[in-house]
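If you're matching positions, the sequence shown starts at 1 in UniProt numbering and goes up one per residue.
FYI, nobody ran anything at the bench for these hints, they're computed from the structure. Please read all numbers here as calculations on a predicted model, not as lab measurements. Any given hint could turn out to be false.
The following label-pair restraints were derived from C-beta to C-beta distances [as the list claims (entries may be wrong)]:
#1 Ser253 with Ala177: 49 to 55 Å
#2 Thr231 with Phe329: 37 to 43 Å
#3 Ser259 with Glu182: 56 to 62 Å
Quick reminder that beta carbons are idealized off the backbone N, C-alpha and C, glycines included.
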Amino acid sequence: MKYKNKILTATSAVALSVGLLMGYSNPVFATNSKTTAKADKTKDSSTDKKEPVQTSTSYDLMVKVGSNRNYGVYKSIKNGEPVKKLASASDYQYAHIQSDQRIKTQHGTYWRIYVNGRKVGYVNQNWFTRNKIAVPKTVSLVRNSHSDFAPEDAVSYVTNHMGTVIPTQDITISEDAIDCSEPGTYKVKYSYGSAKATVKVTVRKSTKEGVADADSVQAKPFSGDLKSWKTYYGSSSNYVTKTDFAPDKSKHSYTTDNSNMTFKTRYFQPVLLSVARDIKDDDYINRVGHIPEGIAISDGWLYSSLLSSTKISNGHIVGYNLNHLTNAFNGQYLLDMSQKEFNSYVKNIKVSPYIPIGHGQAMGATDKYIYVVNYDNKTLYKSNRSEELLQIRKSDMCINKIWTFKCWNGSDSEGRYFRNGVVVDDHKMYTTLYNKQKDQTEYWKFNRKGDNWYPTMLGATKTGIVSNTYTQGFAYDPKNGNFYLAFNDVIAKIARDGEVKDTYQFHTGREIEGIAVSNNRLYMNLAQRAELLESTEKLTK
């Protein structure tokens with residue numbers, strides 16, 4: 001959605017040498033540019049010079065977008081020819097690709113690439129997805145005079161003629177914002193150079209959509225008085241800070257005070273999936289990680305939302321195929337494993353483009369799609385604004401569709417604005433919030449009919465579930481009909497009507513950054529090295 005203080009993508013996303021030779025009028029990365037040329041010496045006195053065998057140009061890091069085209073990745077380029085094939089580039093199609101060097105030869109142009117943070121080799125420029133604006137075909141907006149839609153939120157990526165990702169603010173968009181106060185249809189046009197795209201944006205007609213009754217629900221009593229710390233004090237064994245860490249070599253096992261649940265390590269995730277460098281020299285398009293926020297688990301895949309800063313609302317979603325990534329530790333060794341192992345490993349990791357994900361703690365996944373609510377973490381719970389729900393294709397991790405939804409209690413004078421939710425199928429979403437004014441934790445269901453999302457308040461729990469903190473994870477167990485809420489070292493099992501059925505107190509000292517239910521097990525992701533843990537017990541009513 002459009003907010004006055006919205007932070008846009010970093011302007012340093014494109015690396016272009018002196019720039020003019022690239023046909024790019026707004027060069028960004030020119031600081032380290034240098035060109036070297038090799039040419040056969042000639043003995044004649046002619047002023048004509050032979051074309052050099054190859055010329056090399058260096059840049060600051062830029063992001064590239066791969067493709068499924070069949071090109072090799074080579075260890076080096078010598079005398080104008082690629083030397084020693086290391087991989088098939090198509091294996092890296094869904095990885096995070098960065099580059100900092102171009103070599104032009106008489107037979108083609110090659111770029112040195114880094115894959116998920118690891119320097120690999122050189123690939124032909126024709127492998128990249130070039131001159132492309134990736135946007136969904138349609139965006140559907142709830143009618144709401146209190147919200148506008150920012151068309152740049154629909155962009156997954158934009159690439160120039162070299163396959164380099166361009167900052168969203170550098171493209172031309174036909175509409176600055178879409179007014180959602182009246183129904184209508186807009187053709188929003190996007191362009192950058194020869195790349196063009198159009199999105200059909202519709203403001204829905206209904207004035208009743210999103211209007212519900214929250215006053216008829218009686219909150220269930222709760223006197224658990226659960227406590228939690230304000231500032232984390234723990235970390236995994238070999239994690240000190242985001243720049244000072246080593247691989248963990250032992251699994252963790254955490255059992256609750258009441259011995260009613262135990263979690264054990266399932267998978268240590270990489271701290272970064274981009275080239276490691278001082279964060280002050282990095283930018284948000286280049287950097288993947290280091291802050292995990294939310295998770296979803298579907299068909300054996302872990303999907304984790306990652307931010308580079310808690311001050312922004314754009315980030316990445318990373319998918320890990322746990323059906324094949326069965327070793328809990330190997331994800332920490334992407335820079336150290338053999339090239340053959342790396343090529344096989346990264347085929348089971350998918351990294352989304354730099355897209356709007358809010359604070360990343362309202363997610364879900366279905367057979368074909370990942371869902372995330374793009375919300376503003378500073379907006380109050382009682383706001384009458386709309387929120388964005390992004391549907392992301394599992395296949396290529398790009399935005400497939402966007403809806404907005406709203407939730408008002410009777411009228412726009414009393415809204416509900418959610419930071420936590422879980423999408424359980426392509427037509428249903430559950431959300432939760434703490435209503436400070438009424439001193440109750442609320443549970444809502446949204447049903448989709450066509451493109452309209454209709455909220456219903458299911459239940460409430462009197463007071464907050466735990467003091468001193470906000471919800472950091474929300475999941476739904478469809479088999480037993482229970483919600484799970486996570487707060488730092490505390491998890492609560494709650495019926496749909498708000499009755500607290502059980503509580504689980506741990507002592508990890510680490511923030512829980514997302515929980516999920518899959519195969520009748522509960523999963524949680526811990527921070528201070530992202531670590532997925534799985535419950536040893538099956539979930540019950």
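Structure-based check of all given hints:
no.	hint	verdict
1	Ser253 with Ala177: 49 to 55 Å	51 Å, holds
2	Thr231 with Phe329: 37 to 43 Å	28 Å, violated
3	Ser259 with Glu182: 56 to 62 Å	58 Å, holds
The structure fails hint 2 only (numbered hints given earlier).
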